[in-house]
Structure formats: structure tokens, C-alpha cells
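Trainee: Each chain is listed here by its residues.
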Amino acid sequence: MNETVLTPILDLLDFAGIAVFALSGALVAARERQTFVTMGFFALVTGVGGGTVRDLLIDAPVFWMTDPWVAVICLATALIAWFTPVRMWDGKLLDYADAVGLAAYAVLGSAKAIAYGIPPVPAALMGIITGCVGGVIRDVVAGRPSIIMQPELYVTAAALGASLTVVGMQLSALLGVPDAYVWGTGFVAGFALRAAAIRFELG
Amino acid sequence: MNETVLTPILDLLDFAGIAVFALSGALVAARERQTFVTMGFFALVTGVGGGTVRDLLIDAPVFWMTDPWVAVICLATALIAWFTPVRMWDGKLLDYADAVGLAAYAVLGSAKAIAYGIPPVPAALMGIITGCVGGVIRDVVAGRPSIIMQPELYVTAAALGASLTVVGMQLSALLGVPDAYVWGTGFVAGFALRAAAIRFELG
Amino acid sequence: MNETVLTPILDLLDFAGIAVFALSGALVAARERQTFVTMGFFALVTGVGGGTVRDLLIDAPVFWMTDPWVAVICLATALIAWFTPVRMWDGKLLDYADAVGLAAYAVLGSAKAIAYGIPPVPAALMGIITGCVGGVIRDVVAGRPSIIMQPELYVTAAALGASLTVVGMQLSALLGVPDAYVWGTGFVAGFALRAAAIRFELG
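Quick note, the sequences are listed as chains A, B and C, same order.
To convert, note that position 14 of the first sequence is 13 in numbering that gives the first Met the number 0; the numbers rise steadily by one, no gaps.
To convert, note that position 147 of the second sequence is 146 in numbering that gives the first Met the number 0; the numbers rise steadily by one, no gaps.
To convert, note that position 129 of the third sequence is 128 in numbering that gives the first Met the number 0; the numbers rise steadily by one, no gaps.
With the rest of the complex left out, here is chain A (with noise of 0.2 Å):
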């Protein structure tokens, strides 16, 4: 696939990434019976939570501060919360979206902390941080058990997809393998493995 193709697909699995973590803010806001403000709070907080400490730590510009479509998704998720009933979203469906999110914020994480110059053992730490400090801070706000203490394999899928990224973007340089396929491989890897855990309730 070439840069033409690859570009627009990444930003739209960006987009679909942050609306998807977004709804998970808004329906701890919604199942709590707040108001669309505090929705619309914790839409943005659990969808641009983890990429702005990511760009904090890395010294990047924060990228919801440059982008102005990123806020505007979150509060339309927000929106879309609120108009619908909590229990049309129960069920599995939002989980293995929300697995979605957080195999590609691992995989986009490490990469743009590579991308900065950071080494290897910190820039995986970044993707994990990317998929999954948002959550943390929707929990912890909300006054809720976070995620990171529960016995899921919720922070090993982000952390899985993250090191094969940066071991793979290690290796692609030396053998000349498009960065593409080792995006790809850490993403299936993560999301297959979260898939696993919500599928078999593996811990």
C-alpha cells in the first residue's frame, strides 16, 4: 500500500480510535446519570487523556491543541451519548471496539515516540501509556477501580503491540522492511490478544 492510500486510512483509524475511547468516558459519565457537560469532560479526558501525556513526556506539540477536529469528535461522541440509551451500547461490541483503540494507540504511541528520537525501552512505554492512560484518568476521576488494577489483560495487549512495534522498527531499519507491515503486525498482535482476553475472560 503506498503513502496516498496508507495516510488517509491511518487518520480515519486515528479519528475511530479517539471517538471509540471518547464513548467509553461518556457512558461512565452517562451510566452515572451526569449532565452532557460532564459527559462532554469525560469524553475528552478517556478519548486525548493518554496521547497528551504521551506528547507532554516526548516534547511534542499536544495534538488535539494544533488538530481543532479532535475536541470537536469528542464532544460529538459525547453528543451521540447522550441522545441514545446507556443500554443500547451494554455488551461486547464497545469492548472489542475499545480493543480496537487501544492496539492502534499502542502501535501509534511507540512509533511517534520514535519518531522524537526516544529510545527503545521508554518509546514502547509511551504506546502503552497512549492506549492506556486515558482510561486510568476516567477511572480514577470517576472514583472507580481503575482497569490497571484489575487482573485483565488489558495493559499486556498495549504492552505487546508496543514492544513488536519497536523491536520491529528496530529490525525494518536494518533489513528494509516497510514500517507499514510492522505497524500492522503489532496491531493485530495486540488487538488479537485483548480479543482473546475479553472472548475467553482470560486474566
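I should point out that these hints are in silico values taken from the structure, not numbers from a laboratory.
It cannot be assumed that every hint is accurate.
[Stated by the list, open to error] Output of the computed footprint for chain C on chain B, the stretches with three or more beta carbons under 8 Å from beta carbons of chain C:
hint : region
1    : 33-39
2    : 55-61
3    : 86-99
4    : 138-144
Each residue gets a CB set at the ideal place from its N, CA and C atoms; glycine is no exception.
Position chains B and C relative to chain A; hints supplied.
Mentor: Same frame as chain A, but now just chains B and C:
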């Protein structure tokens, strides 16, 4: 009002806002019979938390790292809270003072973000964050239910002030209205909504 | 002591401080029977949290983004905690090791802030934050009552070390005393107060 008069007034309002927020933080610690150092920590986190997050996000120098007085004001406020009986601060006066701080910070945070070239929607969010995040950190560290999770018109009041500021500043650039009128309108609207919520227990 | 001798000692102390803090984070996760990945997350957050907040506030590059060893030390510490029984770490030895880390970070954080041109009062606060914030984040994410809310002399010990460092460095510039003496005094005072608090259960 010209700038020579306006600027000192804005500076005084800013310091007053910091002190009010710092006091609300110190009182949380005081009610739990904490030491003075803990009260100072809470005064600081509550007083500067929102503005700090804003400055990190918009990539401005963190305001209390360059202004040597902000931290002193927070610690002095903690000292006052330490030497006065807690129940002296009961009642609604402090709630109204907090409403002044909330409205002032919503306007100030949005205006600063726009001055740093942030697009409109994230800029309005910066106003909300400046007004609300200090209190959220205070509650999360203290292990209390956060104001964000309570069905009161708190974030909403900040959102009103911030939105009016951002929309008004887009229009004022076109119409030639001085920014001071926009800021005054945003402040009065945000304060009025929050004050009404306190007075009539709206939520 | 000349710099050729002092610098490696300081670096070793720094790595030791990170490891001690990381261990205290990993043990919180271990006591809750978490997976290794969660233990690594807590080790990292506790080990680098305070210094990260300091570096973001004073606008320095975040230290573990440029030094590839810091994250490795945190994860290696988590690995050690994973393969050893939790009760091996019970008892007061770890408390005293934590006191060493607290005092070292209070001094180091203040000195770094002054080197970045931060005014005295915020600089002393940077020392306190470097020493205390990692543990606060650990407790907040784990849903435990934060050390900040306990009536122990913890923050106070950091405040003593940090204040002596800042005041001493102002005087040493005037009197020509080497900074190393100031740092030593700050460290010993901070550690002594914290150690006395542990030994005699002061609060």
C-alpha cells in the same frame, strides 16, 4: 476603561482567584485535621492546578514558575486557614467566592489559549480546564467524590463563560469591539449561572 | 570531594533513589496479586512520577525520555519484586530506604529547579514535588489513601530538605561555600527527620 487602569485590576482579580481556590484546597485538608505542610500542598495544587494544566497543554511557560508571588500567595492562604477555626469558613460566602474564581478563570484561560493561537473549540476547553481542574485534582488526591461527578451546575457555568469568551473574541476581531467587553460579559454570565446554582440549588 | 568523584556518586544515588521508589510501587501492585505488567506500570509511575512533574513544570526535557536506563531500572525492579515473596520486603528497612529516596529527591529537585532559573519559593516546591508526587500518583491510581492525607511527617521531611537546599544555595553563592555542602546538609536534615518519624512514629 483604559489599559493602565484595567491591567492592575486584572492582576488583582487573578491573585484573588488564586487565593480563593487555594483557600478551598487548604480547608479540605483542615477538615481532615492535617498538618500545615499538607494544607500548603492542597492550597497549592488547588490554586494553580487548572492553570498549570492549561499552560502545559498550550505550551506556555507554567505561570507560577516565572511569577514568584503565586506560590507565596497559596502558602500564605494556607497559613491563614491554619490559624483560623474551620467553621469560620462555613456558609455560602466561600461558595460565592469560588464562583468568582471559576468565572474569572474560565474567561482568563480561554483568552490566554486564543492568544497562543489555539483553535476555538480547544480554546474554550482550556477555559473550562483552568476553572475546574484544580478542584478535581484536590478531590481526587483527598479521595473525595469530585465536583465533576456531582449533578451541580459547576462545569456548566465555566463552559458558559468560556464559550462566550471564545465566540465573543472571534466576533470582536470582526466588529472592532474591545476584548474587555467580551471578557466582562463572559465573566458576568459564568458567575451569574454558578451563583444561581448555589442560591437555588440547581443541578 | 572533587567533581570527578562526586558526579558518579550522585548518579549512583539517583539510580538507587529511582529503584527504591519503583520498588515501593511494584510492591503495592504485588500485594494486590497483580500481573507483572501492572507491577511494571506502578514501578515506573512511582519511580519517575515526581521527577516527571518537576521537569514538565520547569520546562526541562523529561529525564527518563533522554536517559535510556531509568525505565530499564524501574522494570528490572518490578521483575525483582515479581520473583521474590512480598513478605521479604516487610519490616522497616524499606521505609528507611524510602526515606533516603525522599531526602535525595527533595535536594536534587530543588537544585535542578534553581539551575533552570526558577525563583526560590517555587524551587523549594519542586523539591517537595520531586520527592512526594510519585507516591501520590501510585496511591491515587491504586485507590489507596494517599500519604499526603496521613498525619505523618512525610511531606514535612521533604519540605525541610528542599528549604535548606534553596536557602543554602542562595547563601553559598554569596559566601563561596561549595554547593555540595549545602546538598549534603539538606539531605541529612531531610533524612533525619523522616527517619525519626519512622522510628518514633511521629505525626
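Trainee: Next step is simple, just say for each hint if it's right about the structure.
Mentor: Tested hints:
no. : hint    : verdict
1   : 33-39   : holds (count 4)
2   : 55-61   : holds (count 3)
3   : 86-99   : violated (count 0)
4   : 138-144 : holds (count 4)
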